[in-house]
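A.B. asks: Protein chains in written order, with the numbering used here: chain A, 1 to 296; chain B, 1 to 315.
Rather than coming from a laboratory, the hints here were simulated on the basis of the structure. For every residue, glycine included, the Cβ atom is placed at its ideal position computed from N, Cα and C. A couple of the hints might just be wrong.
Here are a few chain A residues that sit away from chain B, every Cβ distance over 10 Å (derived from the structure) [unchecked claim]:
{"#": "1", "residue": "ALA54"}
{"#": "2", "residue": "SER85"}
{"#": "3", "residue": "ASN154"}
{"#": "4", "residue": "PRO160"}
{"#": "5", "residue": "TYR241"}
If you want the footprint, here are the derived chain B segments under chain A, 3+ residues with CB under 8 Å [what the hints assert, rightly or not]:
{"#": "6", "segment": "48-60"}
{"#": "7", "segment": "126-140"}
{"#": "8", "segment": "267-275"}
{"#": "9", "segment": "279-287"}
{"#": "10", "segment": "291-298"}
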Amino acid sequence: MTQQRESLTRLIGFWVLLGIVIFFFMFPLYWIAVSSIKTRAEVINRVPSYIPYAQFEPTLDNYTSVLLGTTIQSDTGVRASADLSIFRDRLMNSVIIAGSSTILAVILGTLAAYAVSRFHIRGESDLMFFILSTRMLPPIVVLIPIFLLFSNLNLRDSYPGIILLYTTVNLPFVVWMMKGFFDEIPVEYEEAAMIDGYSRLEAIWKIVIPEAIPAMAATAVFSAIVAWNEFVFANLLNRTYAATVPPWLNSIIGVGAVEWGRLAAASVIFVIPIVIFTFLVRNYLLRGVTFGAVRR
Amino acid sequence: MADSQLAQRTRSTSSAGQIRPRFGWFTDRWIAISFLTPTMLLLLFISIFPLVWSLYLSFTDWSVIKDANTAPQWIGTANYFELLTDDRTWQRFVVTGQFVLPAVTIELLLGFGVALLLNRKFAGRGAIMTLLLIPMMLSPIVVALFWRFMMQGDGVLNYYAVNLFGIEPILWLSDRYVAPWSLVIVDVWMWTPFMMLISLAGLSAVPQYLYEAAAVDRAGTWFRFRHITLPMVMPLLLIAIIFRTMDAYKLFDQAVVLTGGGPGRFTQTASMYLYDVAFGQFNTGEGSALGYIMLIVITALANLLIRALNATKSA
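Isolated chain A (complex conformation) (with noise of 0.2 Å):
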């Protein structure tokens, strides 16, 4: 009796704590969610309100407005200080430049990682060294000489400039991560294969990369997550054409009056991706975060 009463106490403070630690990481972005949905006049209420309908009447202007590139009647006569409609182009252009970087990066990345897995290679493991410090590297330190030869090669403000730029930050991360998964499938796939008369290429093609797309799409979704988040470069090589979300919102930040609501619309869009990608990689997570080192 006494010790099921004492379980009862331990039940209870555990869902305290974990009701604490999910109220704290789940907060701010519940806040952001809500703001999106209001007015301007209850954006900037001090008093704050959270539950819609209840204690507010939600609207979904914000969003209509960022993504139709319309401009909010303002109810305090104040025209808003930052333009908000040009964040479709952003969008559009982060869409492009993760997508078509993150297929780049994963194809090339991919055929390399087979190659060190399969292949003896001499010096091998200073290869993989050579790859992965590339990648710890401060981004910072290669910023100057990036965009030096990014204005010489005119390849600033443009996609195919970003595009590669990203596929080679990525690439690291594809080589480590697809090789962790090749050196998992046994080798007596293809050999089978090629004891039946398939080419290595046709093996390739027909056994070991169907047994590989689960982990060729995890590794994707990491990197389009990292295309998608970019800021440094992107802020520093794009101003119009190529530009992306990032830059664009800490932008708009600096301009004067903020205007929440609709950012709040605009921030809540650009996250909505990256909530469902973690959702898809939720079992590739911990591999995805620590580049392939802790597995399980």
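With the hints as your guide, set chain B onto chain A.
C.D. replies: Quick look at chain B alone, frame taken from chain A:
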């Protein structure tokens, strides 16, 4: 001639089986080369070459604006000498250190604590885990934006500071003593899930029989934690510390949005200082030298941590 062709053909068919396979001419050697080349070229061209170029520039007084049409002037180690004798440089590294140390420590303790909490079976565990992992997947820019919204003068945090705790509104982002801690709070929010994830992996790998053996010996909770849990989890925790330290050391995005280095320069990190030198003052050579100083510091730090990791692994 016909003979040798035939001989070759026989050899290629016999080695690969009965039928000559498609793409059979594409030997392993050529596959290895053509699979590796694009990756190596991109890394050489966009990672290694810029690094070498930047090393060269760090020994010059070149400026991308002033000297756009002239060749860089070699000035030896003058940039390094100037930076290392300048108090401002040291100040930026102190600011960075004062951010990295508390941030990584709190993330480690909190993340490990949450992992201990979650290391059991309960309803909705998977869903809660995934929710908790969202912050670290977000863009630092977005995270900083959320927090700036909450931390501004009339934001939600100050509403409760005033109405719940009855204190003066806190200048989260513009008080020279508070702002550095605000950066730490935001980083803790974002990266504690990372520490939690790795700690949890370590905890679930501890063999259950060790605890059972300890229970037989009537070992206390603290003893079990100190002598079973901690040693087993330590190598993974060190990997997590290495990752977080190297990452926190680069702090740039969040600080740009949250404080912009202010008030004054009290939250200007080494990365932000480099950006300012290179693209604010356009001292390209000096900026490159600062980049290399940062690189040397982080390499030394990483080596120390990796040595600690190897020591715990062999112990």
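A.B. asks: Does each hint hold? Answer for all of them.
C.D. replies: Hint by hint, here is what the structure shows:
Remark: the non-interface label on ALA54 of chain A is consistent with the geometry, its nearest Cβ contact in chain B lying 18 Å away (cut-off 10 Å). Against chain B, the non-interface label of SER85 of chain A holds: every CB pair exceeds 10 Å, the least being about 19 Å. With a cut of 10 Å on Cβ distances, ASN154 of chain A stays outside the contact zone with chain B, its closest approach being about 15 Å. Non-interface status of PRO160 of chain A relative to chain B is upheld: no Cβ of that chain comes within 10 Å, the nearest being about 12 Å off.
Its beta-carbon lying about 20 Å from the closest one in chain B, TYR241 of chain A satisfies the requirement of being farther than 10 Å from that chain. Chain A is given as covering the segment 48-60 of chain B, and this holds because 7 residues of the stretch bring a CB closer than 8 Å to a CB of that chain, at least three being needed. Only residues whose beta carbon comes within less than 8 Å of a beta carbon in chain A count, and the segment 126-140 of chain B has 14; three or more means the coverage holds. Counting residues of the segment 267-275 of chain B whose C-beta lies closer than 8 Å to any C-beta of chain A gives 3; at least three are required, and the coverage claim holds.
Proximity of the segment 279-287 of chain B to chain A, defined as three or more residues with a beta carbon under 8 Å from a beta carbon of that chain, is established by the 3 residues found. Here's how the segment 291-298 of chain B fares: 5 of its residues keep a CB closer than 8 Å to some CB of chain A, so the rule of at least three is met and the hint holds.
Checked against the numbered hints above, the structure breaks none of them.
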